[in-house]
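Participant: Protein chains in written order, with this note's numbering: chain G, 121 to 592; chain H, 243 to 725.
I should point out that these hints are in silico values taken from the structure, not numbers from a laboratory.
As the structure is a prediction and not an experimental result, all values here were calculated from the model.
Keep in mind that a hint or two might mislead.
[Stated by the list, open to error] With a cut-off of at most 25 Å between alpha-carbon atoms, the simulated DSS-like pairs for lysine-lysine come out as follows:
{"#": "1", "chain 1": "H", "residue 1": "K288", "chain 2": "G", "residue 2": "K177"}
{"#": "2", "chain 1": "H", "residue 1": "K653", "chain 2": "G", "residue 2": "K185"}
{"#": "3", "chain 1": "G", "residue 1": "K326", "chain 2": "G", "residue 2": "K544"}
{"#": "4", "chain 1": "H", "residue 1": "K308", "chain 2": "G", "residue 2": "K179"}
{"#": "5", "chain 1": "H", "residue 1": "K301", "chain 2": "G", "residue 2": "K501"}
{"#": "6", "chain 1": "H", "residue 1": "K301", "chain 2": "H", "residue 2": "K288"}
{"#": "7", "chain 1": "H", "residue 1": "K596", "chain 2": "G", "residue 2": "K484"}
{"#": "8", "chain 1": "H", "residue 1": "K288", "chain 2": "G", "residue 2": "K179"}
{"#": "9", "chain 1": "G", "residue 1": "K544", "chain 2": "G", "residue 2": "K526"}
{"#": "10", "chain 1": "H", "residue 1": "K653", "chain 2": "G", "residue 2": "K422"}
{"#": "11", "chain 1": "H", "residue 1": "K669", "chain 2": "G", "residue 2": "K484"}
{"#": "12", "chain 1": "H", "residue 1": "K669", "chain 2": "G", "residue 2": "K469"}
Here are the chains, one letter per residue:
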Amino acid sequence: MQKTETAYMPLESSLINVFDQHQKELFDASHPKVSHSRAEAIEFLKEKGLPTRKNEKWKNSPFPKQYEKDYLIDIPSATYDKNVNEIFHCEVHGFEAHTYSLLNGWYYSPEEKQLETLENGVVVGSMRKAQSKYPELFAKYYGTMANHQQDGFAAANTALFRDGIFIYVPDDVEVENTMQLIKMINREEPLMVHSRNLIILGKNSKLTFMHCDDSVNHYSSFINTLTEVYINENAYFDLYKLQNINDNTSLLNNTFFQQERNSRLRVNVLSLNGGKIRNELHVDLMGEYAEADLNGVYLMDKQQHIDNQVFVNHAKPNCYSNELFKGVLDEEASGIFNGYIFVARDAQKTNAFQRNNNILMTPKAVIDTMPFLEIYADDVKCSHGATIGQLDNEAMFYLMQRGISKADSRLLLMYAFLAEVTTKVSIDALRNNYEDMIKRRLRGELSICERCVLHCSTPDKPVEFEIDMSKI
Amino acid sequence: MSEDKNNNILEKVTTEDYKYGFYSDIEMDTAPKGLNEDIVRFISAKKNEPEWLLEFRLKAFRYWQKMEEPDWALINYPPIDYQDIIYYAAPKKKKELESLDEVDPELLDTFNKLGISLDEQKMLAGVAVDAVIDSVSVKTTFQDTLAKHDIIFCSFSEAVQNHPELVKKYLASVVPITDNYFAALNSAVFSDGSFCYIPKGVRCPIELSTYFRINAANTGQFERTLLVGDVGSYVSYLEGCTAPMRDENQLHAAVVEIVALEDAEVKYSTVQNWYPGNKEGKGGVYNFVTKRGLCKGNNSKISWTQVETGSAITWKYPSCVLQGDNSKGEFYSVAVTNNHQQADTGSKMIHQGKNTKSTIISKGISAGKSNNSYRGLVRVARGAENARNFSQCDSLLLGDKCGAHTFPYIKSANETAIIEHEATTSKISEDQLFYCQQRGIDTEKAIGLIVNGYAKEVLNKLPMEFAVEAQKLLAITLEGSVG
């Protein structure tokens with residue numbers, strides 16, 4: 121049913137207006153395939169609008185409540201004047217990373233570094249530039265993983281994005297250092313940002329990528345990011361998502377993966393702070409023996425909201441997938457977990473596991489968990505589990521009996537609860553850092569940072585629980 | 243075990259006949275096809291109903307007209323033409339019946355074929371039966387024994403005439419007319435059903451049972467069951483159903499309401515065996531049922547046990563609303579689908595009172611080209627302190643053309659609640675089969691043994707008379723692969 125002009129929510133009409141105003145610029149700067157999907161996507165948006173709570177997938181989501189707000193949607197790119205490292209002082213001890221950044225949705229670097237080809241042949245740079253320089257890659261991969269008609273947000277992103285990061289790792293190249301993308305929002309008014317990323321991993325390649333979402337100010341922004349990742353045969357992609365944004369910001373992170381034969385994917389999502397966060401991970405296992413290991417930790421308080429939507433499509437036999445999401449909800453925070461494993465008719469010998477464990481700390485915290493399985497093959501091992509509970513009283517008693525204060529006992533147990541996920545982080549320095557951040561977060565020390573969260577870790581002053589070991 | 247043999251077994255299953263598929267030639271009194279306010283008035287008039295009940299029906303009908311048929315379940319069926327259904331069909335009554343001898347012999351024959359103990363000589367079976375054919379309750383047995391304990395167990399229409407105050411008080415108190423599409427439809431056109439009231443402190447000495455049968459062609463069956471357990475009472479209630487084999491689909495949209503007051507315990511068991519359609523998926527009953535129990539008083543308990551083997555489509559979510567403190571809800575289910583059957587079934591447990599407990603054990607078995615989904619909701623309201631839920635839903639796949647799905651929804655708004663959910667999906671393991679075969683048990687029997695063991699946890703919860711029937715049914719539905 122076509123929406124009539126008057127039926128649009130303010131946000132929907134501003135999205136459509138911005139598109140209409142900037143149509144020419146958007147099309148001019150785009151690869152034909154990108155333009156084509158822009159046109160399709162805007163039609164979809166005009167017809168269906170943004171998802172409402174009547175939509176099963178958005179039923180309990182607070183996002184639809186944001187449609188009344190007015191955001192500044194399209195802003196020109198800022199001129200490069202500062203090195204990001206100077207703003208962010210990224211200093212994780214022993215963690216070497218190449219840092220790239222997006223500012224208000226635009227690839228932020230000196231002009232000559234907008235699209236670089238590294239020594240090993242890896243291409244990193246802005247999506248905007250890459251379209252004209254590597255049309256053949258765009259023709260082959262752009263829009264093939266994501267479904268831009270999935271919902272209004274995916275469509276809005278497809279229609280309106282200006283920039284994002286583009287990474288191409290050629291066949292047989294293993295990228296040694298982690299690549300880190302820092303996405304910042306810094307603008308003195310509410311902003312809606314659409315950024316689009318495309319990451320392509322060639323055969324037998326390897327890439328570790330860290331995707332940090334940060335906000336610099338306290339304005340209520342809306343970040344709508346869509347990332348497409350193609351993982352070719354035998355390739356290995358290790359993704360870390362770190363989310364630490366202010367309490368007014370809504371963050372929508374839509375990531376689509378396509379995996380070929382023997383490829384491996386590992387995702388670790390760490391949601392530390394944020395007004396409203398929705399992470400969608402869509403994994404298509406399109407080749408046999410592909411593996412996907414998806415993990416997440418969330419720590420929410422105040423009136424924050426976290427939503428993890430994980431779809432794994434076992435299209436081919438002999439694949440493996442594992443989902444493990446754990447979280448603690450404090451104060452009036454609310455959370456949603458929706459895992460979906462789909463096993464196609466002939467995807468025999470599938471192993472798919474799914475688990476979601478939650479701890480509610482207060483009477484006002486709320487969690488909805490929906491671990492779904494849809495299975496059409498008989499020779500499979502699939503399981504899912506979900507628990508909602510609180511800290512084990514006996515364990516609390518055990519600790520307190522040994523002279524550990526109630527507060528510390530709680531922290532220790534919560535930390536232990538989350539440790540199952542954090543131990544899966546393969547880079548030692550990063551794992552320590554993660555654990556450190558969780559400890560700080562649990563102690564309430566890590567709230568919205570003025571700077572990059574990674575700065576919170578000072579290696580010379582490790583965070584310890586205040587436990588008198590002599591009493592144990 | 244060879245693939246071929248496996249296929250043969252499944253082949254055999256699909257050719258298995260539905261043994262309740264006969265049709266009895268009983269003189270029927272039917273309403274014209276279609277649904278409008280006149281039909282609703284016609285049904286109400288036929289039943290000689292009081293004004294308030296007619297108003298209730300009309301209100302439901304008007305509301306239903308504004309509703310949309312739900313489409314969220316994982317089932318596919320051609321759109322139902324609600325105007326192409328006969329909403330009232332009753333065995334023609336010649337006169338008021340005095341004893342069983344006067345019952346239409348054809349009808350008695352029908353029930354004898356079904357093995358229902360309408361006969362006095364079946365007294366030994368110790369089950370009081372209310373038999374509902376098409377839409378009308380034809381006979382309730384054991385009235386005297388029940389009367390001794392002041393237990394009311396009769397057809398719904400009798401209850402409306404004889405105990406209007408009870409019916410008025412509890413009707414739609416658990417499933418309001420606005421609850422869902424099929425419940426609204428039922429509220430408008432329900433023709434009969436069973437009514438049961440267990441007075442204070444009475445422990446019902448015998449099992450109560452209702453037997454439903456759709457007989458006439460093109461009819462929908464819309465029965466309404468209302469069960470009230472007063473303070474400190476106990477009752478175990480059984481429900482069974484069959485239908486003739488017909489090429490066209492038949493609609494069955496029933497509503498079951500249970501109210502358990504303080505310290506009351508109600509146990510409701512169903513063996514559902516409507517005609518599932520033939521092996522090409524033609525015909526069969528569309529079973530859209532709303533079943534809900536309200537644990538109204540403190541320390542009350544409602545337990546649902548179901549064995550679902552029939553119906554082309556099953557859409558059924560027996561639920562418990564745990565309103566009273568310390569109340570308990572239980573749901574035990576075995577759902578078997580074969581050929582082209584589709585089942586979307588599960589349970590809802592709504593925790594509202596303090597210290598409420600619920601258990602969900604669901605075992606799905608899919609074979610042939612069928613799809614079997616578990617869909618359940620566990621919701622803990624803000625005030626439901628110390629709520630506890632344990633859910634386990636396992637699926638077993640027999641064959642590579644069927645599907646097994648699990649859609650649990652868990653919502654907790656109370657930090658003291660403990661909720662656990664676990665589910666597995668698997669096929670019969672080669673190891674288990676090998677173990678049995680090694681001991682000289684042939685494949686067919688071995689599968690039977692394993693499936694029976696798999697479902698045992700639920701079958702054990704059934705009253706004995708039903709457990710036997712259920713096991714037989716399981717065997718018939720999956721014979722070949724089950725043994």
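Participant: With the threshold set at 25 Å, check whether the alpha-carbon distance from K326/G to K544/G stays at or below it.
Facilitator: Holds. K326/G to K544/G sits at ~18 Å (cutoff 25 Å).
Participant: Would you mind confirming whether the straight-line C-alpha gap from K288/H to K177/G stays at or under 25 Å?
Facilitator: 46 Å, violated
Participant: Hint check: K669/H vs K484/G, CA-CA at most 25 Å. Holds or violated?
Facilitator: Violated, at about 42 Å.
Participant: Straight-line Cα separation of K653/H and K185/G no greater than 25 Å?
Facilitator: Between K653/H and K185/G the Cα gap is close to 20 Å, so the pair holds against 25 Å.
Participant: CA of K301/H to CA of K288/H, is that 25 Å or under?
Facilitator: Holds - the C-alpha atoms of K288/H and K301/H are around 18 Å apart, at most 25 Å.
Participant: Given the hinted pair K653/H and K422/G, is their alpha-carbon gap at most 25 Å?
Facilitator: 19 Å, holds
Participant: Please work out if K288/H and K179/G have their alpha carbons no farther apart than 25 Å.
Facilitator: Violated, at roughly 44 Å.
Participant: Is K308/H within 25 Å of K179/G, Cα to Cα?
Facilitator: 22 Å, holds
Participant: Check whether the Cα positions of K596/H and K484/G lie no farther apart than 25 Å.
Facilitator: 16 Å, holds
Participant: Within 25 Å, alpha carbon to alpha carbon, are K301/H and K501/G?
Facilitator: 49 Å, violated
Participant: For the pair supplied as a hint, K669/H and K469/G, is the alpha-carbon distance within the 25 Å limit?
Facilitator: Roughly 11 Å between the alpha carbons, so the hint for K669/H and K469/G holds.
Participant: Sort out whether K526/G lies within 25 Å of K544/G, counting only the CA atoms.
Facilitator: Not satisfied, since the Cα-Cα distance of roughly 28 Å exceeds 25 Å.
Figure legend: structure checked against the earlier numbered hints; hints not met, in rising order: 1, 5, 8, 9 and 11.
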